[in-house]
Amino acid sequence: MPEKKIRVLIAKPGLDGHDRGAKIIARALRDAGMEVIYTGLRQTPEMIASAAVQEDVDVIGLSILSGAHNTLCPQLMSLLHDKGMNDVTVVLGGIIPEADIPALKKAGIAEIFLPGTSTQNIVEFIHKRIAH
Amino acid sequence: MGDHSKETTQTVTPAEPTSPHRKPSAKEKSWEENSLRPTLEKNPERQAEFTTVSGFPIQRLYTPADLSGWDPDRDLGYPGEPPYTRGIHSTMHRGRLWTMRQFAGFGAAEDTNQRFRYLLAQGQTGLSTAFDLPTLMGYDSDHPLSEGEVGKCGVAISSLADMEVLFDRIPLANVTTSMTINSPAAVIWAMYLAVAEKQGADWKKISGTLQNDILKEYIAQKEYIYPPEPSMRLVIDTFEFGVKNTPKFNTISISGYHIREAGSTAIQELAFTLRDGLEYVEWGMRRGLELDEFVPQLSFFFNAHNDFFEEIAKYRAARRIWHKAMVERYESQNPRSWALRFHTQTAGCSLTAQQPYNNVVRTAIQALAAVLGGTQSLHTNSLDEAWALPTEFAATIALRTQQIIAHESGVTNTVDALGGSYFVEALTNEIQRGAWDYIEKIDALGGMVKAIERGYPQREISEASYRYQVAIDKKEKIIVGVNDFVTQEKPLDTLQIDESVAHRQGERLSKLRSERSNDEVARRLGALRKAAQGSENLMPYIFDAVKSYATLGEICDAMREVFGTYEEIAIT
Numbered sequence: 001m002p003e004k005k006i007r008v009l010i011a012k013p014g015l016d017g018h019d020r021g022a023k024i025i026a027r028a029l030r031d032a033g034m035e036v037i038y039t040g041l042r043q044t045p046e047m048i049a050s051a052a053v054q055e056d057v058d059v060i061g062l063s064i065l066s067g068a069h070n071t072l073c074p075q076l077m078s079l080l081h082d083k084g085m086n087d088v089t090v091v092l093g094g095i096i097p098e099a100d101i102p103a104l105k106k107a108g109i110a111e112i113f114l115p116g117t118s119t120q121n122i123v124e125f126i127h128k129r130i131a132h
Numbered sequence: 001m002g003d004h005s006k007e008t009t010q011t012v013t014p015a016e017p018t019s020p021h022r023k024p025s026a027k028e029k030s031w032e033e034n035s036l037r038p039t040l041e042k043n044p045e046r047q048a049e050f051t052t053v054s055g056f057p058i059q060r061l062y063t064p065a066d067l068s069g070w071d072p073d074r075d076l077g078y079p080g081e082p083p084y085t086r087g088i089h090s091t092m093h094r095g096r097l098w099t100m101r102q103f104a105g106f107g108a109a110e111d112t113n114q115r116f117r118y119l120l121a122q123g124q125t126g127l128s129t130a131f132d133l134p135t136l137m138g139y140d141s142d143h144p145l146s147e148g149e150v151g152k153c154g155v156a157i158s159s160l161a162d163m164e165v166l167f168d169r170i171p172l173a174n175v176t177t178s179m180t181i182n183s184p185a186a187v188i189w190a191m192y193l194a195v196a197e198k199q200g201a202d203w204k205k206i207s208g209t210l211q212n213d214i215l216k217e218y219i220a221q222k223e224y225i226y227p228p229e230p231s232m233r234l235v236i237d238t239f240e241f242g243v244k245n246t247p248k249f250n251t252i253s254i255s256g257y258h259i260r261e262a263g264s265t266a267i268q269e270l271a272f273t274l275r276d277g278l279e280y281v282e283w284g285m286r287r288g289l290e291l292d293e294f295v296p297q298l299s300f301f302f303n304a305h306n307d308f309f310e311e312i313a314k315y316r317a318a319r320r321i322w323h324k325a326m327v328e329r330y331e332s333q334n335p336r337s338w339a340l341r342f343h344t345q346t347a348g349c350s351l352t353a354q355q356p357y358n359n360v361v362r363t364a365i366q367a368l369a370a371v372l373g374g375t376q377s378l379h380t381n382s383l384d385e386a387w388a389l390p391t392e393f394a395a396t397i398a399l400r401t402q403q404i405i406a407h408e409s410g411v412t413n414t415v416d417a418l419g420g421s422y423f424v425e426a427l428t429n430e431i432q433r434g435a436w437d438y439i440e441k442i443d444a445l446g447g448m449v450k451a452i453e454r455g456y457p458q459r460e461i462s463e464a465s466y467r468y469q470v471a472i473d474k475k476e477k478i479i480v481g482v483n484d485f486v487t488q489e490k491p492l493d494t495l496q497i498d499e500s501v502a503h504r505q506g507e508r509l510s511k512l513r514s515e516r517s518n519d520e521v522a523r524r525l526g527a528l529r530k531a532a533q534g535s536e537n538l539m540p541y542i543f544d545a546v547k548s549y550a551t552l553g554e555i556c557d558a559m560r561e562v563f564g565t566y567e568e569i570a571i572t
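Chains as they are written, first to last, in our numbering: chain A, 1 to 132; chain B, 1 to 572.
These are computed hints drawn from the structure, not numbers from a lab.
Just to be clear, a hint being listed does not mean it is correct.
[To be verified] Dumping the calculated EDC-like pairs for lysine to aspartate or glutamate here, alpha-carbon to alpha-carbon at most 16 angstroms:
#1 B/Lys490 to A/Glu98
#2 B/Lys474 to A/Asp31
#3 B/Lys324 to B/Asp292
#4 A/Lys83 to A/Asp31
Just so you know, these numbers come straight off a predicted model, no measurement behind them.
Let the sequences and hints guide you as you build the complete structure.
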């Protein structure tokens with residue numbers, strides 16, 4: 001029986017338009033056999049949570065480079081909780097100071113990928129996480 | 001719209017690394033036979049292929065055979081003269097050093113004002129303003145979408161009141177200021193001009209640069225508000241206003257920097273930027289502006305990435321292409337229109353979060369390329385910018401890097417030190433050819449606005465960016481400290497911007513809205529809205545609105561109502 005494809009929503013919350021990272025990740029995950037939906041730019045946490053429900057995704061990948069992660073990530077996590085999406089794995093990539101990482105993980109972000117992470121590491125992380 | 005897949009696979013490959021037209025001399029052939037071949041048989045080279053950071057193939061050796069048909073008088077010329085390969089001034093950095101212009105902005109206006117005055121005291125020779133994302137997107141600091149973003153990526157400017165604080169005790173008559181603002185550029189420029197007026201500075205004498213390059217926003221950085229047509233109208237409005245009122249101000253900085261940061265190759269950066277430049281020229285002429293009146297106020301902005309010679313060749317080719325286009329396409333009669341002037345910033349995307357002190361070295365190499373390539377002004381990035389906005393400590397080292405190149409390295413002692421190098425001249429030719437192929441391709445698509453609407457440059461960049469990532473993941477390209485020579489390290493101390501900036505800004509805006517004449521604001525915004533529906537130049541209306549202390553968000557909203565907003569089709 002063919003394995004069900006992992007469904008991933010790649011989202012860029014906030015006002016920033018630097019989408020190089022988000023687009024590379026979207027393509028790398030697709031090349032790794034996942035089903036990838038890219039939201040496009042400037043998505044509010046509400047829009048991302050609704051898209052996640054609608055697309056019934058296993059993983060949400062957020063790309064934030066602007067420093068707004070401490071505001072946007074907890075907002076998204078609480079919206080996902082309200083919508084009953086407690087199983088979805090949320091990962092974050094971008095420019096995230098190390099001091100902010102413990103609070104983000106506490107808010108429910110499964111992993112934070114910093115600049116320089118290889119795309120294989122991200123693919124492997126998702127495969128392991130979803131297999132469990 | 002049809003199928004674009006054919007377009008995406010187009011690769012512009014100028015001249016084979018060993019061109020079949022190459023005619024090596026007898027001496028070169030004998031070297032190949034007697035020296036090279038035995039060496040290769042004993043010790044093969046480290047790699048099968050050597051390429052630039054852009055993936056451009058580089059030969060083992062360049063000789064006169066690579067410059068057949070190359071005429072030094074015609075193709076190289078002399079500095080300050082067409083085709084400007086060697087630079088736009090006859091004495092270049094012997095006469096005057098480049099402007100050391102460090103991009104700065106964070107927090108509220110008073111925080112950045114303090115950093116500006118610190119940088120000037122350290123010997124910086126020009127200012128360059130970074131605005132936060134709400135400002136770049138035309139939202140006030142208290143707009144719901146601004147939450148979490150106020151003062152983070154730059155300074156928060158919501159009204160003329162903030163701008164007055166930003167330039168407090170900085171005499172705009174004497175300091176040139178660059179402002180990195182695009183979609184709301186006309187509004188921010190109006191604020192700047194209002195501050196200059198209040199300080200008593202003569203608009204005819206003040207100088208500086210407005211980035212104002214909306215095309216590269218659609219292509220790369222994606223900070224757009226309105227659709228392309230009304231956005232281009234606003235840009236041309238500033239050109240027209242600038243020709244009449246501020247003849248020394250660069251009304252645009254046509255930017256390859258962000259195109260490169262989005263992952264383009266050097267050739268794509270060059271080609272898309274220059275084609276953007278030609279698009280502005282054409283729209284200006286269509287408005288009825290006199291070519292040789294407005295073109296001298298256009299300036300350029302390029303990236304300085306890691307590949308030293310590729311970057312130098314890129315700047316040299318840029319000048320030659322611009323001269324060719326101005327003279328051949330538009331029959332310009334004014335040498336001031338022919339000479340491409342540019343600012344350079346070292347490549348932010350080349351900085352690594354790992355082993356951040358190595359970034360000082362990367363930045364020094366990149367800055368050296370910009371200087372040898374004949375830049376007019378330069379920003380050097382700080383070592384901590386893969387983590388956050390720079391601390392004062394890191395920003396000072398970045399400025400010192402430029403001062404060391406200027407005063408200690410000796411590279412400023414002669415003009416175009418690399419001119420006549422077989423390699424640099426051959427690479428300059430090849431990059432020029434590659435960029436020109438792209439320019440013609442975009443011409444064939446009906447110009448840059450049309451090409452953008454079809455997603456052409458966006459797709460080309462996306463492909464290049466992915467290719468580069470794959471090369472890094474496969475270790476075909478080594479990034480020190482990232483995919484090789486990796487060590488464990490302690491985190492850096494970085495600059496933190498807390499939410500108190502947003503609170504301060506919020507309070508300041510409430511106070512402003514209660515103290516200003518809201519009737520006058522409504523009248524000015526009404527007049528702007530009405531003018532936006534017609535075809536008049538909007539600068540005077542924007543200026544009046546700014547002076548009534550209408551906020552950035554209110555002014556941009558008035559135009560949003562008339563122009564609508566733009567959504568791109570996301571390409572992955």
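Determine which of the earlier numbered hints do not hold for this structure and return their numbers in increasing order. 4
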